[in-house]
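Enquirer: Sequence:
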Amino acid sequence: MKTIYIYVLEKMAEWEIGNILQAVSMEQVVRNEQPRYQVKTFGLSRDPVKTIGGLSIIPDLSIEEIIEKDMVALLLPGAENWSDPKHNRVIEKAIQVLKQDVIVGAICGATLAVAERGILNHYRHTSNSVDYLSYFSNNYTGQAHYVKQLAVADKNLITASVAGGLEWAKLIIEGLGLYPEEKTELWYKYFKSGNPDYYLSLIS
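Just so you know, the sequence shown maps onto residues 1 to 204 in the working numbering.
Simulated from the structure, these hints should not be mistaken for lab results. The beta carbon of each residue, even a glycine, is placed where N, CA and C say it ideally should be. Take these hints with a grain of salt, some might be off.
As the list claims (entries may be wrong) - With a Cα cut of at most 30 Å, we get these calculated DSSO-like pairs of lysine-lysine:
| id | residue 1 | residue 2 |
| --- | --- | --- |
| 1 | 155 | 183 |
| 2 | 192 | 40 |
| 3 | 99 | 155 |
| 4 | 183 | 2 |
| 5 | 99 | 148 |
| 6 | 155 | 189 |
| 7 | 192 | 69 |
Claimed, not checked - With beta-carbon atoms standing in for the labels, derived distance ranges:
| id | residue 1 | residue 2 | range |
| --- | --- | --- | --- |
| 8 | 65 | 200 | 35 to 45 Å |
| 9 | 203 | 54 | 17 to 27 Å |
| 10 | 99 | 181 | 20 to 30 Å |
| 11 | 31 | 138 | 37 to 47 Å |
| 12 | 47 | 92 | 19 to 29 Å |
| 13 | 118 | 181 | 26 to 36 Å |
| 14 | 68 | 118 | 20 to 30 Å |
Generate the whole structure from the sequences, applying the supplied hints.
Expert: Structure follows, in structure tokens:
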């Protein structure tokens with residue numbers, strides 16, 4: 001079974017990963033076969049973290065315990081303290097696996113963290129705004145690659161704004177091949193519209 005790793009950190013925006021977690025949880029139902037993917041959380045250590053919304057999360061693993069041969073995606077949620085240098089180890093890991101064709105997903109404040117390392121200077125991307133990246137990152141020169149969309153995929157890098165959690169999840173689903181293409185569209189349309197007809201078609 002392949003692993004989707006999600007970094008959990010203090011003051012993270014836990015709601016931003018909700019859509020992709022929901023999608024992974026339905027893999028067996030949608031495909032009518034044994035799931036191929038699992039989710040594991042990791043932190044700088046296994047110490048609990050407190051999210052912006054007040055949830056306490058105990059990571060499954062520390063960063064040293066990640067098994068890279070099983071990794072298919074590394075997801076970075078937004079957080080209030082990405083500027084803390086201690087998170088550089090995670091960005092280094094993201095840079096490393098990005099070169100190995102692993103999906104790297106960054107949303108909201110995490111896009112600023114990857115921008116600061118110069119990653120977004122070489123990929124089509126989005127964020128909360130181009131001004132957000134330009135103002136808060138000293139190393140961001142990728143304005144020409146910025147796309148005004150809720151979420152953008154370029155090769156195996158998937159970025160999103162704070163409002164783009166659903167679109168971010170859709171691009172991750174597509175990148176992983178989590179569902180067949182037509183089922184991905186049904187999943188997205190259901191959660192975008194709430195129309196139960198889409199849900200019934202999704203699980204049939």
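Enquirer: Against this structure, judge whether each hint is valid.
Expert: Hints versus structure:
1. 155 / 183: The hint holds at about 22 Å.
2. 192 / 40: Between residue 192 and residue 40 the Cα gap is close to 26 Å, so the pair holds against 30 Å.
3. 99 / 155: holds (11 Å)
4. 183 / 2: holds (20 Å)
5. 99 / 148: holds (25 Å)
6. 155 / 189: holds (24 Å)
7. 192 / 69: violated (34 Å)
8. 65 / 200: 35 to 45 Å: holds (41 Å)
9. 203 / 54: 17 to 27 Å: violated (32 Å)
10. 99 / 181: 20 to 30 Å: Holds - the Cβ-Cβ distance for residue 99 and residue 181, about 27 Å, lies within 20 to 30 Å.
11. 31 / 138: 37 to 47 Å: Because 45 Å falls inside the window, the suggested range holds.
12. 47 / 92: 19 to 29 Å: Roughly 20 Å apart at Cβ, these two residues keep to the hinted range, so it holds.
13. 118 / 181: 26 to 36 Å: holds (33 Å)
14. 68 / 118: 20 to 30 Å: holds (22 Å)
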